[in-house]
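Colleague: Taking the hints into account, I'd like the entire structure generated from these sequences.
4 protein chains.
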Amino acid sequence: MAIRTAEDYRASLRDGRRVYIMGEKVEDVTTHPVLGPTVDTVAGGYELCASKDPAIRDLYVASHPVSGEPISRYYVTPRTSQDLINRSMMIRRSIELVGSLPFGRDIGTDCLNAAFVVAGQMGNQQYQDRALAFLDYLRHNDLITCGAVTDVKGDRSREPANQKHPDYYLHVVDRNADGIVVKGAKAHITSAPVVNEVVVLPTRQMRENEADYAVAFAVPANAQGVTFIARGGRGDWTDHEFHPTARVGTLTEGMIIFDNVFVPWERVFMCGEWQYSMLLAYTFATFHRFTAISYKIPLVECAAGCAVAMARYNGLEKVSHIRNKLADIAAYVETLKALTNAAAREPVMYGDIAVPNPLITNMGKLHFASKYHSFIQLIQDIGGGIIGTAPDRRDWEHPDLHDYLEHYLGGSAQFSTLDRMKMIHETMRQVCSHDSAFHEVITVHAEGSMEAQKMMILAEAPLKRYEEMAQRRAGILPWIGIDGVAEG
Amino acid sequence: MAIRTAEDYRASLRDGRRVYIMGEKVEDVTTHPVLGPTVDTVAGGYELCASKDPAIRDLYVASHPVSGEPISRYYVTPRTSQDLINRSMMIRRSIELVGSLPFGRDIGTDCLNAAFVVAGQMGNQQYQDRALAFLDYLRHNDLITCGAVTDVKGDRSREPANQKHPDYYLHVVDRNADGIVVKGAKAHITSAPVVNEVVVLPTRQMRENEADYAVAFAVPANAQGVTFIARGGRGDWTDHEFHPTARVGTLTEGMIIFDNVFVPWERVFMCGEWQYSMLLAYTFATFHRFTAISYKIPLVECAAGCAVAMARYNGLEKVSHIRNKLADIAAYVETLKALTNAAAREPVMYGDIAVPNPLITNMGKLHFASKYHSFIQLIQDIGGGIIGTAPDRRDWEHPDLHDYLEHYLGGSAQFSTLDRMKMIHETMRQVCSHDSAFHEVITVHAEGSMEAQKMMILAEAPLKRYEEMAQRRAGILPWIGIDGVAEG
Amino acid sequence: MAIRTAEDYRASLRDGRRVYIMGEKVEDVTTHPVLGPTVDTVAGGYELCASKDPAIRDLYVASHPVSGEPISRYYVTPRTSQDLINRSMMIRRSIELVGSLPFGRDIGTDCLNAAFVVAGQMGNQQYQDRALAFLDYLRHNDLITCGAVTDVKGDRSREPANQKHPDYYLHVVDRNADGIVVKGAKAHITSAPVVNEVVVLPTRQMRENEADYAVAFAVPANAQGVTFIARGGRGDWTDHEFHPTARVGTLTEGMIIFDNVFVPWERVFMCGEWQYSMLLAYTFATFHRFTAISYKIPLVECAAGCAVAMARYNGLEKVSHIRNKLADIAAYVETLKALTNAAAREPVMYGDIAVPNPLITNMGKLHFASKYHSFIQLIQDIGGGIIGTAPDRRDWEHPDLHDYLEHYLGGSAQFSTLDRMKMIHETMRQVCSHDSAFHEVITVHAEGSMEAQKMMILAEAPLKRYEEMAQRRAGILPWIGIDGVAEG
Amino acid sequence: MAIRTAEDYRASLRDGRRVYIMGEKVEDVTTHPVLGPTVDTVAGGYELCASKDPAIRDLYVASHPVSGEPISRYYVTPRTSQDLINRSMMIRRSIELVGSLPFGRDIGTDCLNAAFVVAGQMGNQQYQDRALAFLDYLRHNDLITCGAVTDVKGDRSREPANQKHPDYYLHVVDRNADGIVVKGAKAHITSAPVVNEVVVLPTRQMRENEADYAVAFAVPANAQGVTFIARGGRGDWTDHEFHPTARVGTLTEGMIIFDNVFVPWERVFMCGEWQYSMLLAYTFATFHRFTAISYKIPLVECAAGCAVAMARYNGLEKVSHIRNKLADIAAYVETLKALTNAAAREPVMYGDIAVPNPLITNMGKLHFASKYHSFIQLIQDIGGGIIGTAPDRRDWEHPDLHDYLEHYLGGSAQFSTLDRMKMIHETMRQVCSHDSAFHEVITVHAEGSMEAQKMMILAEAPLKRYEEMAQRRAGILPWIGIDGVAEG
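Chains as they are written, first to last, in the working numbering: chain A, 1 to 488; chain B, 1 to 488; chain C, 1 to 488; chain D, 1 to 488.
No copy labels: a pair is met if it fits in one copy or bridges any two.
Straight line, CA to CA, 35 Å or less: simulated DSBU-like cross-link-like pairs of lysine-lysine: (1) Lys164 to Lys464; (2) Lys25 to Lys183; (3) Lys464 to Lys52; (4) Lys164 to Lys183; (5) Lys318 to Lys164; (6) Lys318 to Lys464; (7) Lys164 to Lys25; (8) Lys183 to Lys318; (9) Lys318 to Lys371.
Hints were generated in silico from the structure; no laboratory data involved.
Note that the structure is predicted; figures quoted are calculated from it, not measured.
Modeller: If you want it as structure tokens, here you go:
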């Protein structure tokens with residue numbers, strides 16, 4: 001088959017999966033008021049593969065490396081710097097074109113690519129074959145995946161094996177000739193209730209006594225024992241706001257409960273090899289943070305655009321301190337972009353798989369996360385108090401009020417009051433809404449905390465090189481001089 | 001009369017005022033789903049005056065300086081450092097006891113105190129008498145006020161007299177023997193639709209050609225030509241959340257349209273004295289920023305409490321980087337507190353009126369505003385991703401889900417999962433909600449922007465002293481040495 | 001006697017003490033090219049007591065609380081907020097009048113005041129009596145002290161008793177009826193080689209197996225077995241620079257080696273009470289950080305003055321971004337001042353001893369230390385590249401060059417080129433010299449690291465109060481409402 | 001000829017040039033105690049071309065694009081990304097191998113490359129030919145250049161033509177058939193007194209009435225009327241310190257006075273074309289900031305190495321807050337490196353000249369400069385107070401003191417006290433010396449201030465793109481959707 005339509009995708013979600021949201025069981029996720037828009041967003045990824053613009057289509061559709069059949073380009077395992085750049089561009093452009101990220105295949109393959117790397121490092125041909133077979137299954141049926149990695153964790157200061165009960169981290173509770181049985185819960189899983197396949201990895205390094213926790217596998221979303229509990233919405237579009245026509249999607253996260261779920265061996269990619277759990281978590285994190293810094297780019301560009309626009313609509317674009325703030329905003333956005341591109345241009349090869357540069361990727365993510373709140377503060381500052389207290393669309397349209405608002409809410413005479421109102425409302429959405437607050441939280445936590453990024457930076461940076469340079473200067477190590485050999 | 005009941009207050013709001021919200025006219029603000037909670041919050045201020053705890057009652061009720069009748073202590077014009085401390089404590093405690101700030105009398109008297117200072121500096125006995133008469137009217141009838149200061153401003157780079165139309169700043173359009181007629185609109189006015197009297201000041205320094213804009217006065221909320229347009233709510237409490245019993249109030253802001261409103265002379269406190277507009281704006285800003293840093297204290301204490309609690313509920317309170325973050329959080333909160341107290345302890349006297357120290361007040365406000373987003377980021381960091389994606393109360397109560405959630409959402413074994421859920425929900429409200437995003441915006445804009453605070457810091461700081469110290473060291477000015485006289 | 005002259009003080013230093021600097025033994029510290037200026041600086045403290053200006057004299061001279069004889073006011077143990085303010089003002093003013101801090105009595109009494117507090121908490125009358133007798137000895141003979149607290153520490157990750165050898169922390173190696181014998185080394189001790197008495201405290205909390213390390217005492221500077229190793233100078237004044245006439249002092253630090261030094265029991269203030277070592281270190285830190293934030297004030301004022309002056313000499317004082325930077329500079333300086341005053345105004349009483357507020361003191365110190373480098377960066381930014389590369393005084397006076405420099409190094413036409421040159425040189429000294437780099441280091445380390453301040457902030461801040469406020473809102477604890485009692 | 005020896009270079013400096021330093025005229029710069037080390041550093045650049053290591057030699061020696069003769073690779077005008085990477089690597093490696101940057105050819109060609117770009121944009125063949133002829137002269141004679149760009153500027157708030165006198169910016173005072181006569185002074189010119197040729201550019205955009213200031217040219221260092229006034233040293237190596245054998249060079253800056261200097265037309269590259277002065281200043285700034293971020297890399301790596309080493313020597317490398325700081329240090333260094341590489345990999349082409357990406361280059365420079373002081377603070381923090389107060393080498397060697405120091409100044413038992421002492425001394429040089437303070441100043445000012453970088457970031461960043469993205473979302477512009485065309 002390969003390359004489904006958006007309707008194929010929607011139909012595939014009506015498969016008996018067990019989904020709850022806001023205290024209610026959902027019969028059909030595609031029509032649910034909160035989950036439906038998430039389905040639409042993910043469906044946008046299918047629509048891109050059928051775009052009338054060949055340049056867009058070519059970005060999203062590739063050829064199967066063996067059969068040549070058209071497949072989603074997400075299912076091309078990266079071999080080159082260009083593959084990584086393509087991957088980043090797919091992610092970025094999709095937000096621009098769909099209005100939100102059709103999240104799923106990216107993280108699913110972040111998981112799967114990491115599984116390939118680790119199977120290669122293990123030298124475990126069986127795991128490699130299984131992962132490739134699963135990938136080909138995804139390619140051929142053009143399926144959507146999510147990545148279930150973060151466990152619920154219980155007491156954060158305790159190891160998986162040392163908790164009040166053993167289930168705070170997902171683990172194997174039984175195994176037989178056919179497969180394994182797993183128990184546990186994964187949290188914050190984006191797109192979870194609307195995918196076809198759930199790919200599961202351990203969230204951290206496991207130790208010898210935690211071998212049962214070192215497990216990676218995939219199961220279909222409607223597998224027996226799998227329950228999704230989705231979080232509620234974050235204030236969706238209403239007619240109180242000014243942009244009803246633009247396609248502005250959303251995504252949903254969910255917990256996934258694995259209540260003694262059976263997984264056949266052909267879908268198991270790690271089981272017990274605790275020594276490799278670190279490499280798996282680490283490689284996944286690198287791929288996934290590269291995905292993250294890619295999808296953040298259009299999001300922060302758009303938020304930055306609100307600042308640029310509001311500065312102009314307020315008549316402030318030539319004021320010195322505003323220009324200073326716009327420069328800070330631009331430097332924030334473009335440093336993220338430069339680091340993302342650099343991570344793709346300086347990959348690390350594991351066998352024939354190109355992994356985005358782990359050091360640069362983590363620095364990019366840390367740059368994004370550690371300075372995001374200051375970035376938002378700058379936009380709020382430029383926007384003005386009106387982005388907190390603006391009247392709404394129905395006020396604007398009310399005959400008693402319209403002329404007042406038209407008269408009094410103008411800004412720079414170059415722009416209509418209506419356009420200023422629209423931009424105020426967009427800026428509200430970007431920096432003064434439930435959604436914007438939620439984005440702050442995921443900035444800090446999604447794809448790992450800043451502490452996790454610092455840990456990887458410390459592991460990857462050439463500290464030894466720095467130290468030796470200092471030791472040579474200090475006279476502790478010999479100087480290596482002009483002729484390239486140790487002196488004195 | 002003096003000291004009304006909460007019911008008296010509510011009754012006084014059914015006076016024919018013209019209020020709109022979300023495109024609808026409001027017949028009775030006390031029963032409106034968004035405005036009603038604001039009324040309840042403000043009514044809390046009346047309830048405090050009738051508290052069964054004498055210590056609380058004594059904090060909020062004072063004696064009229066002449067008649068001795070009981071009056072709201074807000075209506076005591078500050079003469080001493082202790083008066084300022086009382087004022088700060090009234091504000092702080094009310095948030096703790098009522099659950100939200102009964103905002104109104106504070107800013108109303110911030111305006112009125114500034115008017116007294118300026119009338120004194122002008123040597124204008126008539127203005128002083130009028131302001132005092134108005135204060136006694138408020139005292140005797142125990143009325144609620146708001147302060148209408150911020151104009152809508154149009155093109156921010158243009159002066160009031162140099163805009164597309166003259167109405168972007170409120171101004172006098174006519175005057176006669178009985179009074180003046182004013183036109184304009186004030187924005188972001190907290191509590192506006194639920195007060196008895198609106199006190200109006202100019203928002204900035206005016207120049208000679210802007211004398212009509214240098215106008216200060218008071219009008220009743222139901223005055224002819226006054227229209228309130230309130231902003232919509234920010235996601236009020238639902239049964240999806242976990243704290244139905246606590247009294248958690250809210251406030252509402254609104255635009256106020258003045259459509260050729262008549263003001264009798266006895267309510268006019270400045271009219272045309274543009275030379276004093278700067279002093280008026282400046283003194284108001286000082287009083288009001290002192291109010292601000294007072295009411296921010298319990299708000300940031302409570303948010304800090306979420307971080308402390310979540311660290312413990314997550315089992316992280318002994319982890320080094322978490323402790324470091326908690327220390328940063330505490331230093332942020334307590335520096336605000338120390339500066340607020342210091343501003344009260346080192347007042348500047350204008351005649352017999354004690355003005356909070358302008359330099360320290362502005363530094364306190366700038367400290368609060370410039371570091372608030374980093375403070376929130378720390379809380380979000382400690383809280384964990386669960387504060388973005390937690391299931392809601394109805395999930396918790398659903399028979400299919402309850403046991404899963406009880407089992408999987410535990411944290412430190414010292415606490416019940418239910419308590420952790422409650423704290424997660426409170427933390428969501430504090431740092432991951434429409435409300436929390438709104439607080440970021442008002443942090444930046446309410447009571448003036450950070451640029452405004454820097455301008456006042458620059459005006460108040462002893463730059464000349466610094467410079468002379470450097471010039472003495474540099475040998476440009478003579479050294480003043482041990483004997484206290486210039487040397488060399 | 002009481003109140004010596006500067007000459008008395010100088011004479012007292014010729015007592016056979018064992019001092020080394022830059023690889024040479026010093027026969028007379030008063031005439032040494034590096035140590036002499038330190039002696040002059042400390043002597044300035046004696047000169048202040050003899051100032052011809054009675055206001056200055058009264059600040060530095062007090063009456064003995066019992067005998068009434070004139071004594072240095074540093075030797076008044078603080079009982080009130082005013083005593084603490086006096087103490088802060090003595091420190092600040094002395095830098096303005098002497099040109100540098102006559103450091104010694106401040107830290108000596110920081111130690112002794114802490115010893116009084118701890119002896120009181122122990123209820124150990126003997127220690128109290130000894131400390132008082134020692135204080136009276138200092139008062140009567142008007143002696144200079146230093147405080148020897150920081151040990152050399154060896155491997156920082158190991159406890160005192162768990163090092164390569166036992167001497168990385170000073171400890172008791174013998175004891176008999178007459179006294180104790182101590183061994184160890186103290187580092188970074190300011191003014192050490194030029195004092196009369198060395199007061200020694202433990203640098204940290206000690207545990208049960210470290211009782212020998214829990215020792216506090218005083219010895220004269222020329223005691224048998226005491227050796228001072230002073231660090232070299234930091235580039236003293238030469239005729240290459242422009243301010244030969246101003247009195248600009250300096251200070252010196254030194255290691256003190258205690259090579260089996262005998263201390264009679266009457267000079268021992270703690271010996272073995274490891275349970276109180278924490279309180280002693282903690283109380284000393286509070287007193288001493290209060291001293292620190294006091295003496296930092298005139299130093300940062302003067303550095304700020306260079307920025308103000310250079311902005312004007314460069315013609316930049318009206319430029320928007322420069323004004324913004326000056327506001328940041330002023331806020332930095334004045335926040336330090338406000339917190340210092342607040343620490344004195346809100347003391348904590350231990351018996352009848354007023355201890356500066358520990359929370360505010362530590363916040364003041366952390367404010368100072370954590371933002372100092374940014375403050376210096378702002379001054380360097382405003383100063384211009386010329387503060388790095390300016391010609392020197394001899395260039396200015398060279399006949400071939402003078403006219404060129406006069407012509408080309410002018411700035412704003414309001415000032416002479418000579419004055420600009422002088423201010424450039426002063427700014428170099430403040431922010432582009434060996435001395436300025438050294439100040440950055442002591443900003444971070446003197447009076448304890450930022451980590452130490454954060455630890456104390458965490459210990460002192462009302463975290464429990466924050467948490468309960470959040471728990472009440474969350475519905476975990478009952479709400480305490482308007483009537484001051486738990487509800488619901 | 002091409003490719004001189006270091007001795008040829010030294011000999012060429014004895015040419016009658018007029019150099020002053022610290023109030024004295026210098027007869028031979030090669031033997032002067034301050035200037036001699038600068039000559040040695042620059043000579044290192046010649047030694048690299050004669051390295052016995054072919055890989056090093058090949059990095060520094062290229063073939064003349066026409067004649068094929070060996071030339072310095074600095075004199076290859078960049079055509080490709082690889083040329084820019086080579087340029088960056090030459091700069092970085094030279095610091096590692098020579099111990100300091102042989103500064104001169106880099107900035108000289110930064111100027112000349114900018115001149116080529118501008119001549120091309122003007123379409124002025126004559127200027128192009130002259131610049132090429134001059135470049136070939138440099139290539140053939142293997143000469144050292146400096147770039148004289150920054151004027152002394154007088155009152156910074158006034159334009160060149162609007163100052164107290166016309167000479168605060170260098171300008172043409174006469175012209176005839178043979179050439180032009182210029183007057184003015186350039187400040188902070190690195191390596192100036194030790195180069196062969198001085199290349200001069202305007203420091204800023206000039207306006208129509210400032211055409212005489214729009215002048216670019218080259219003159220030999222011994223030209224009639226040229227005087228160099230070098231700044232004094234910054235505390236060179238003495239036997240008080242621990243690293244006498246390592247080759248640690250230095251550089252010198254100087255003012256250059258142009259006292260009616262004649263320049264023949266064949267050395268004039270711009271004269272009066274004020275419309276292009278902006279492009280010239282801007283393009284030079286881009287090339288030169290790329291040079292800057294390249295040479296900063298090994299400098300900050302080495303400083304970072306002191307932190308890594310001191311953490312280990314102090315026994316602190318496993319402590320959580322130290323690791324956190326090391327991660328911050330590494331992220332600072334490696335972000336600089338990643339941005340520098342990215343600027344080379346994404347060049348902007350002007351004709352066939354590859355200009356480093358201006359946006360990324362300026363972000364790299366701003367990253368470096370704005371966070372440098374925090375970086376230094378972290379190193380000082382990790383280093384400990386001992387980096388301010390350590391005894392010196394002669395103390396170490398003194399028989400009275402050696403055993404004390406050996407005993408007491410040990411750190412982690414893994415390292416000898418001597419190695420720790422050496423590393424302490426190196427760290428002092430890096431972060432607690434006249435030199436380190438000077439580096440802070442040039443961080444802020446060299447290659448343009450942070451304000452200048454922000455201005456260029458604002459000019460280069462795609463603000464319009466951001467704004468349109470926001471406008472599309474807001475419904476102000478039509479949405480461009482999945483089919484790549486405007487919708488609705």
